[in-house]
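> The residues making up each chain are set out below.
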Amino acid sequence: MAYSTIRYEIDDGIVRLTLNRPERMNAFTVEMCDELVDAYARASQDDGIGAIVVTGEGKAFCAGMDLSVDGNVFGLDETLSPTIEDMRDKLDDPAIHAGVRDTGGRVTLAMYDCLKPIVGAVNGVAVGIGSTMLLPMDFRLASHTARFGFVFGKLGITLEACSSWFLPRIVGLEQALEWGYRADIFDAREALEKKLVRSLHAPDTLMEDACAFARSLVKDRSPQSIALIRQMLWRNSAEPRPIEAHRIESLAVFYTSIADGKEGVRAFREKRPPRFSAKASEMPAFYPWDRPPERG
Amino acid sequence: MAYSTIRYEIDDGIVRLTLNRPERMNAFTVEMCDELVDAYARASQDDGIGAIVVTGEGKAFCAGMDLSVDGNVFGLDETLSPTIEDMRDKLDDPAIHAGVRDTGGRVTLAMYDCLKPIVGAVNGVAVGIGSTMLLPMDFRLASHTARFGFVFGKLGITLEACSSWFLPRIVGLEQALEWGYRADIFDAREALEKKLVRSLHAPDTLMEDACAFARSLVKDRSPQSIALIRQMLWRNSAEPRPIEAHRIESLAVFYTSIADGKEGVRAFREKRPPRFSAKASEMPAFYPWDRPPERG
Amino acid sequence: MAYSTIRYEIDDGIVRLTLNRPERMNAFTVEMCDELVDAYARASQDDGIGAIVVTGEGKAFCAGMDLSVDGNVFGLDETLSPTIEDMRDKLDDPAIHAGVRDTGGRVTLAMYDCLKPIVGAVNGVAVGIGSTMLLPMDFRLASHTARFGFVFGKLGITLEACSSWFLPRIVGLEQALEWGYRADIFDAREALEKKLVRSLHAPDTLMEDACAFARSLVKDRSPQSIALIRQMLWRNSAEPRPIEAHRIESLAVFYTSIADGKEGVRAFREKRPPRFSAKASEMPAFYPWDRPPERG
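Residue numbers (numbering that gives the first Met the number 0), protein chains in the order written: chain A, 0 to 295; chain B, 0 to 295; chain C, 0 to 295.
Just so you know, not all the hints are guaranteed correct.
[Said to hold, decoys possible] Subject to a maximum C-alpha distance of 27 Å in a straight line, what follows is the list of computed DSS-like cross-link-like pairs (lysine-lysine): (1) C:K58 x C:K193; (2) A:K278 x A:K218; (3) B:K193 x A:K194; (4) B:K58 x C:K270; (5) B:K218 x B:K261; (6) C:K278 x C:K261; (7) B:K58 x B:K194; (8) A:K58 x B:K270; (9) A:K270 x A:K218; (10) C:K194 x B:K194; (11) B:K218 x B:K278; (12) C:K193 x A:K194; (13) C:K193 x B:K193; (14) A:K193 x B:K194; (15) B:K193 x A:K193; (16) B:K193 x C:K218; (17) C:K193 x B:K194; (18) A:K194 x C:K194; (19) B:K218 x B:K270; (20) A:K218 x C:K193; (21) C:K218 x C:K278; (22) C:K193 x A:K193; (23) B:K194 x A:K194.
[Said to hold, decoys possible] Just some of the chain B residues that point at chain C, by a computed CB distance under 8 Å: (24) V72; (25) P81; (26) M86; (27) K153; (28) F165; (29) E173; (30) F212.
Just so you know, the hints here were simulated from the structure itself, not pulled from any lab data. Computed from a prediction, not measured in an experiment: that's the story for all the values here. Even glycine gets a Cβ: it sits at the ideal position worked out from N, Cα and C.
Chain A with its partners taken away, still in its complex shape (with noise of 0.2 Å):
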């Protein structure tokens, strides 16, 4: 898939990704939608990169929806009744698919599914579709310029993109209840008290700040372990009991002690840097291990 709307950048093993459309301070439409899944699907299975660095072409990361297209500005079927059992049993229906499933939430819910690390290096505002898309990310660094707002109640319309999933796993339920009733723009210094954000960077560090941290997590590292790491927190730790942890960590380990394992205690019996081969385009078989109607 050829983009329009962002670019796709490899630089020594990790994925810039840039949000491109700087003249609209990169307001997301249906079109960015379809190419950030795609991007993101693609790095998952690209062996040569293991990390991803997200950010904005511009002063701007992403100044939410883009309201000034015509018709419905969410790209929505006006004509259709969509019910609760549609959602459930019906979301891949062309219909469902194209007309009523929110565009942000496909895009997180790839995020989600990624088997890469992926880091926010959020550059300039940040608002609406443009906060929340910075919630499935493993850790967002900012620029001190950045700004936030999940500011869709001032629209009338409601939280989207997983964020009423996401947002109170990261600030807690009642942060995450002021800031979508606040609906307002609040500034890098809130979204890094309230640990929105991890920390904050002078601008014309934030990239390369960005990049050196996504490289120091995935160096000597087994893009596998990553890989699962990554599934198993996000999965296992929303699982109503532990034991649904220890059925996966238990494959887990399996797999990966009789893979790349091997070699990792080889390398620490030897004291040396492991070599590691395994592929994350290759995962052991019960990858992924959701059921249906659990899968995203």
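The hints should help you fit chains B and C onto chain A, whose structure is shown.
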């Protein structure tokens, strides 16, 4: 329903809900349970109000269950032998409802189902059910003189009012375990440090501050948008997978985008405050989305 | 069961559980797994003890899996090809139990099921399973000299011991991801700042402080009340809806209110310490309330 243990007063779009047994330090009774359940349901459906502020009459907020009554002080029917199957299948059976179900839980489930933001103005001692009935509130503001305590362990009983579900979500599991085991009274400073309360206030400005904060959350907002944001954050965040949030958010954005969302986008483009008209008493058909037996 | 890798010593109502392979820095083995599972079950049923304090003999707490053994260092049967269905349906099959199930998870599930509060006294290096076996403890106290590390990624394997379930509940998802990826050793100060441990102590007062803290939690408490509070917080808080907590809490209040609750209320009215008599070894019939396949 006429209330004898609480007061329900509307002031400029806010309900002031006051526990009103000051001669008993607003101690909780079965009657107060029934009246609170009614009051939260009433406020949910009253389109004239935007938010709820809860406080206690006199010096105390609520000194806990009234232990001075005769018979089973918790209002339970000791002739029954309820089983876990009864609780799964017969929760609404009159004998179970009246003689087994925890009265505190009946109140907090009504608060959980409430369509309006709830702000606590904790004006003094809040012990036992006085503490646990604070947990499903969106925000807890407290006087410097407030005191708290999950004292059930001192009485040889256990956590109630769904606090085993709510408390860890607010303060974390380790702190919940500590307060549950300690079962002692602690002061407002500890409550603030451990994030049980949002902020401390002078006793004589507490109620004014709480009402102003509550108003700030709902001013110029769509009541349907507010109701959906509240319900989605509590419910979706507890699902095992983000896809469940996606199903609900898609419908929420769909139906709000063709109602108050149109006015919201117009007002945004025209740089003026929106004039929303959708009502919380007329929610879109997909609400409530929980299927039995998930509903409270 | 006689123990050869741990010590189980009762001191004034507290079990001191000591990892006891100091010549190997208390490295974890399959034998230690079996002994720890037995010890936690024993302490659960021993009405003579109120709480458990866990520490390591010598300078280390636990240096992780003993990587010096022959064959599969994790004790796994490499001739098997386990599937996700096996883990769902055959977890207790002898071949799966012995050759596939993660030994760390068997220990932490026994800790999760334990009816007594567990306090860690982390006296030194706690790496790999040495770190993950701390997570189901109620509280972790540590020496200034303690060090921690979720080092699995360095070995090319993954998180285990249900840490993908427990760790995000304690320190949040972002921190869990970071430690999982970094896979390095970090010091007691970082563990304290990130809330992995509750408090730091001088090496020579750590055990005394931990025992005093453990005793303070259970003094004058009903063992049934303590056991139910522990089980309800861990289990109910992870349910998708508070109504599930309500079912269990209703039964817990019902059955404790007609047992130790009567003495508790009497003692409260008479302003004297209660004399509780209900035993953790004789729990009310509704415990355990988890249905298969939810149970660990």
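> State for each hint whether it applies.
Hint-by-hint comparison with the structure:
About 24 Å separates the Cα atoms of K58 (chain C) and K193 (chain C), which keeps this hinted pair within 27 Å; it holds. This hinted pair checks out: K278 (chain A) and K218 (chain A) have alpha carbons roughly 14 Å apart, not beyond 27 Å. Restraint check for K193 (chain B) and K194 (chain A): satisfied, since their Cα atoms lie roughly 16 Å apart, inside the 27 Å limit. Our distance criterion of 27 Å between C-alpha atoms is met by K58 (chain B) and K270 (chain C), whose separation comes to about 23 Å.
As the CA atoms of K218 (chain B) and K261 (chain B) are separated by approximately 18 Å, the hinted pair is consistent with the 27 Å bound. With a CA separation close to 15 Å, the supplied pair K278 (chain C) and K261 (chain C) stays within the 27 Å bound. About 23 Å separates the Cα atoms of K58 (chain B) and K194 (chain B), which keeps this hinted pair within 27 Å; it holds. A threshold of 27 Å between alpha carbons decides the hint, and for K58 (chain A) with K270 (chain B) the separation of about 23 Å falls inside it, so the pair holds.
The hinted pair formed by K270 (chain A) and K218 (chain A) meets the criterion: a straight-line CA distance of about 17 Å does not exceed 27 Å. Between K194 (chain C) and K194 (chain B) the CA atoms are separated by roughly 14 Å; this keeps the pair inside 27 Å, and the hint holds. Under the criterion of a C-alpha separation no larger than 27 Å, the hint pairing K218 (chain B) with K278 (chain B) is consistent with the structure, at around 14 Å. Proximity of K193 (chain C) to K194 (chain A) is assessed by CA-CA distance (about 12 Å); at most 27 Å being required, the pair is judged to hold.
Between K193 (chain C) and K193 (chain B), the direct Cα distance comes to roughly 14 Å. Compliance with the 27 Å bound is thereby established for this hinted pair. Between K193 (chain A) and K194 (chain B) the CA atoms are separated by roughly 12 Å; this keeps the pair inside 27 Å, and the hint holds. Of the pairs offered as hints, the one joining K193 (chain B) and K193 (chain A) holds, with about 14 Å between alpha carbons and a cut-off of 27 Å not exceeded. Straight-line distance between C-alpha atoms of K193 (chain B) and K218 (chain C) comes to about 24 Å, which keeps the hinted pair within the 27 Å bound.
Of the pairs offered as hints, the one joining K193 (chain C) and K194 (chain B) holds, with about 16 Å between alpha carbons and a cut-off of 27 Å not exceeded. The hinted pair formed by K194 (chain A) and K194 (chain C) meets the criterion: a straight-line CA distance of about 14 Å does not exceed 27 Å. The straight-line distance between the Cα atoms of K218 (chain B) and K270 (chain B) is roughly 17 Å, inside the 27 Å bound, and the hint therefore holds. For the hint pairing K218 (chain A) with K193 (chain C), the CA-to-CA distance comes to about 24 Å; that is within 27 Å, so the pair holds.
Distance check on the hinted pair: K218 (chain C) and K278 (chain C) sit about 14 Å apart at the alpha-carbon level, within 27 Å; holds. At roughly 14 Å between alpha-carbon atoms, K193 (chain C) and K193 (chain A) fall within 27 Å of each other, so this suggested pair holds. Among the hinted pairs, K194 (chain B) with K194 (chain A) is consistent with the structure: their alpha-carbon atoms are about 14 Å apart, no more than 27 Å. The beta carbon of V72 (chain B) comes within 6 Å of a beta carbon in chain C, closer than 8 Å, and the hint placing it at the interface holds.
The restraint placing P81 (chain B) at the interface with chain C holds, with a minimum CB-CB distance near 6 Å, inside the 8 Å limit. With its C-beta approaching chain C no nearer than about 4 Å, M86 (chain B) sits inside the 8 Å limit, and its interface hint holds. Against a cut-off of 8 Å between C-beta atoms, the interface hint on K153 (chain B) holds, since the closest Cβ of chain C lies about 7 Å away. Taking 8 Å as the C-beta contact cut-off toward chain C, the hint placing F165 (chain B) at the interface holds, the least distance being around 7 Å.
Residue-level restraint check for E173 (chain B) holds (minimum Cβ-Cβ distance to chain C is 6 Å; threshold 8 Å). Restraint check, F212 (chain B) versus chain C: the minimum CB separation of about 25 Å is more than 8 Å; hint violated.
In this structure, only the earlier hint numbered 30 is contradicted, and the remaining ones agree with it.
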